[in-house]
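Number of protein chains: 2
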Amino acid sequence: MSQQHRHPGAPGRAGAVPALPDLPEATVARLPEYLRALHNLAESGHETVSSEGLAAAVGVNSAKLRKDLSHLGSYGTRGVGYDVALLVDQIEFVLGLTQRRAVALVGVGNLGHALAGYAGFASRGFRIAALLDADASRVGEEINGMVVRHVDELPAVVAEESIAIGVIATPVPAAQAVADQLVAVGVTSILNFAPCVLSVPEGVDVRKVDLAIELQILSFHEHRKASLTALPATGGSALTALPGGLAATDPQEAIGT
Amino acid sequence: MSQQHRHPGAPGRAGAVPALPDLPEATVARLPEYLRALHNLAESGHETVSSEGLAAAVGVNSAKLRKDLSHLGSYGTRGVGYDVALLVDQIEFVLGLTQRRAVALVGVGNLGHALAGYAGFASRGFRIAALLDADASRVGEEINGMVVRHVDELPAVVAEESIAIGVIATPVPAAQAVADQLVAVGVTSILNFAPCVLSVPEGVDVRKVDLAIELQILSFHEHRKASLTALPATGGSALTALPGGLAATDPQEAIGT
DNA sequence: CGCGATTTGTGCGTCTGTTCACAAGCGCCT
DNA sequence: AGGCGCTTGTGAACAGACGCACAAATCGCG
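From first to last, the protein sequence lines are chains A and B.
Just so we're aligned, residue 171 is where the first sequence starts under the numbering used here, counting upward by one.
Just so we're aligned, residue 171 is where the second sequence starts under the numbering used here, counting upward by one.
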């Protein structure tokens with residue numbers, strides 16, 4: 171942090187703090203990855219990185235990386251690269267991580283339990299400020315040094331802590347109701363682990379993580395690879411319907427019925 | 171293609187099974203969502219759905235849905251809609267779910283434990299066929315009716331079961347080694363929960379789920395919304411650098427240092 | 001002090017994905 | 001049998017993202 175460059179967090183008087191350009195969504199999704207790689211680099215002693223080097227560490231095209239970074243202002247030095255520490259600060263600022271964010275986790279079942287103990291949240295700028303559950307038999311349980319409270323205490327919890335983000339790890343039937351409650355108390359960002367769509371008023375952001383969907387996507391590619399290697403004779407890429415050969419190679423037993 | 175569609179799972183004799191058109195990646199990612207919604211509809215007694223109806227249930231544009239479905243063949247009836255049961259079969263076939271897939275889960279820590287007990291996998295076409303861990307103190311533990319085995323037994327496990335997909339839920343330092351082992355025994359699809367990039371040979375698919383990244387993306391939008399509402403006076407949308415006003419409104423304390 | 005090596009930042013063509021809008025097709029009702 | 005309303009499937013315009021390739025800028029060295 172030896173920059174002449176004002177720390178982005180420091181309320182520098184002069185302008186030129188490139189506050190919040192509206193970034194392409196695809197770029198936003200990659201910034202956390204860059205941030206992680208940069209932290210690793212910083213720990214291993216690197217003071218600067220070239221776009222090529224950082225891109226390799228993240229596994230993306232270097233031009234894409236440069237364009238991404240250029241969106242948040244020009245913080246590289248031609249002929250040298252990017253100052254690691256500076257870039258870390260910059261990205262953390264843009265992502266709103268200069269201030270540790272408090273999240274409320276609702277649903278302390280199988281998955282919620284694991285999330286409550288997930289060290290990655292704490293180390294990446296978040297603080298689980300509350301554990302909530304609707305099941306009275308779970309209320310009072312202590313997980314990782316935190317006591318589970320009843321979900322009805324949500325208003326009180328939000329009053330105590332400044333909760334910006336809610337995480338839903340409840341079973342599907344409860345998810346929408348919890349989302350409504352979160353919205354009611356002013357939460358405007360929700361991370362939903364329940365495999366269902368949530369309807370929320372405009373202005374509230376919802377992101378969804380569905381573990382099974384990821385597997386199903388992999389399954390598709392698996393299926394695809396299998397069918398392609400099984401049919402090398404049937405010239406080229408199967409762009410159109412394959413003449414039933416597939417049915418023969420694949421012992422399909424339906425699970426649906 | 172109004173073939174009195176034969177059940178895709180049933181090895182119908184005649185050809186014309188629209189086997190594996192190479193779908194756009196974006197479409198593939200949505201198929202599981204359609205599938206879930208269709209299952210719900212089927213349970214609630216619907217026999218057919220219009221694209222409009224299904225699109226609403228999933229939360230997408232109906233034109234997009236129709237185009238997605240059209241990629242896997244024409245299975246709707248104009249003026250009527252889609253046959254729910256037929257579409258379910260069709261999507262399950264394309265996703266390779268007509269046959270229940272066996273997955274191996276490596277890393278039975280906090281998160282792995284939860285994944286091992288996650289009912290969503292079983293109900294959506296997957297079977298956790300093995301739990302593995304490198305930590306000898308965890309080997310032998312029984313989770314959800316399955317015994318944890320040592321990761322070195324991977325070759326044996328794959329021999330017993332037909333493992334197509336591996337799930338990595340280990341700490342970061344172990345992830346790459348585990349990936350290498352999985353690849354070595356012939357696994358060609360990996361779902362990685364460790365927050366790091368895996369390098370795998372060509373032909374192996376990796377999907378990554380990073381819980382913290384999702385939160386960081388939400389944090390960005392949170393930050394953005396906060397800054398926008400805080401500056402209603404500063405005309406319109408802040409497309410360019412804001413003149414330092416932001417720094418004043420936001421009590422930023424860095425977490426980095 | 002100037003030059004060459006290096007690396008950023010970006011203009012532009014390409015491609016993928018999304019949306020609109022409408023013709024074609026289907027079933028039902030008369 | 002014929003017409004009418006509804007819904008699919010898709011052509012075409014549009015938008016967003018990607019990657020190439022190069023000019024501009026900086027550093028270090030002679």
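Don't read these hints as lab results, they were simulated from the structure.
Quick reminder that beta carbons are idealized off the backbone N, C-alpha and C, glycines included.
Check the hints yourself; a few may be wrong.
Stated by the list, open to error - Derived contacts from chain A toward chain B, CB cut-off under 10 Å, selection only: (1) L193; (2) A207; (3) K237; (4) F263; (5) L368; (6) P371; (7) D380; (8) H393.
Hints, one by one, checked against the model:
no.: 1; hint: L193; verdict: 8 Å, holds
no.: 2; hint: A207; verdict: 8 Å, holds
no.: 3; hint: K237; verdict: 17 Å, violated
no.: 4; hint: F263; verdict: 7 Å, holds
no.: 5; hint: L368; verdict: 9 Å, holds
no.: 6; hint: P371; verdict: 13 Å, violated
no.: 7; hint: D380; verdict: 7 Å, holds
no.: 8; hint: H393; verdict: 3 Å, holds
Consistency with the previously given hints fails for numbers 3, 6, ordered from lowest to highest.
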